[in-house]
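**Student:** Letter by letter, the chains look like this.
Number of protein chains: 2
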Amino acid sequence: MPKIIVEVMPKADLLDPQGKAVGNSLKRAGHSVATVRIGKRIELHYANTPTAAELEAAKQIAADFLSNGVIEDVVSITVEA
Amino acid sequence: MPKIIVEVMPKADLLDPQGKAVGNSLKRAGHSVATVRIGKRIELHYANTPTAAELEAAKQIAADFLSNGVIEDVVSITVEA
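Chains as they are written, first to last, in my numbering: chain A, 8 to 88; chain B, 8 to 88.
Be a bit skeptical, because a hint or two may be false.
No copy is singled out in the list; a pair is fine if it fits within one copy or between any two copies.
To be verified - Simulated pairs of lysine-lysine, BS3-like, Cα-Cα distance not exceeding 27 Å: (1) 47 <-> 34; (2) 18 <-> 47; (3) 66 <-> 27; (4) 66 <-> 47; (5) 34 <-> 66; (6) 27 <-> 47; (7) 66 <-> 18.
If you're looking for bench data, these hints aren't it; they were derived computationally from the structure.
Just so you know, these numbers come straight off a predicted model, no measurement behind them.
All chains should be built: construct the whole structure from the sequences, respecting the hints.
**Tutor:** Following this line, the structure appears as structure tokens:
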């Protein structure tokens, strides 16, 4: 099924307690990660390959509805046929 | 900062109530999406470009620690320099 994949991450200068907890836990287990950030990956499935208009609409949806612009950034929008 | 990006989605045959709610809401707003699935995007940040061993470790972490194999699939692991 054709998809548009929207990826949303917490803004870089914001605390991400969930990522912080995972990062600390990985460090305690001896892994060399510096920090961890956890965001969302949202798949919009379409019956047919999305048109240019649907892609535009998806960008609008991503900015207005799937992410909170105060605390989150939409980091990528990709079409997967 | 170099990153390893791990993407985790709920398994295809499982209900995803969060995605379902978003999908219904988009449909009610007149959008042409068929279904919506919501998963996680986890960024592991490293001080230096991850070595092959670190990438292997990250794959292990993704499978054992960042995802629940009973209900989730790791759909992609990518390195971003």
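**Student:** Could you run down the list of hints and mark each one as holding or not?
**Tutor:** Verification of the supplied hints:
For a Cα distance limit of 27 Å, the shortest separation of residue 47 from residue 34 qualifies both inside one copy, at 23 Å, and across copies, at 20 Å. In this homomeric assembly, residue 18 and residue 47 come within 27 Å of each other (Cα to Cα) both inside a single copy, at 12 Å, and across copies, at 16 Å. Taking CA atoms no more than 27 Å apart as the test, residue 66 paired with residue 27 passes between copies only; the shortest distance there is 19 Å, against 29 Å inside one copy. Taking identical chains as interchangeable, the C-alpha atoms of residue 66 and residue 47 lie at most 27 Å apart whether they share a chain (15 Å) or sit on different chains (19 Å).
In the homo-oligomer, the alpha carbons of residue 34 and residue 66 lie at most 27 Å apart only across protomers (16 Å), although the nearest pairing inside one protomer, at 36 Å, exceeds that limit. Proximity of residue 27 to residue 47 under the C-alpha cut-off of 27 Å is found in both arrangements, the shortest distances being 16 Å within a copy and 15 Å between copies. For the identical chains of this complex, residue 66 and residue 18 are neighbours both inside a copy (18 Å) and across copies (25 Å), given an alpha-carbon limit of 27 Å.
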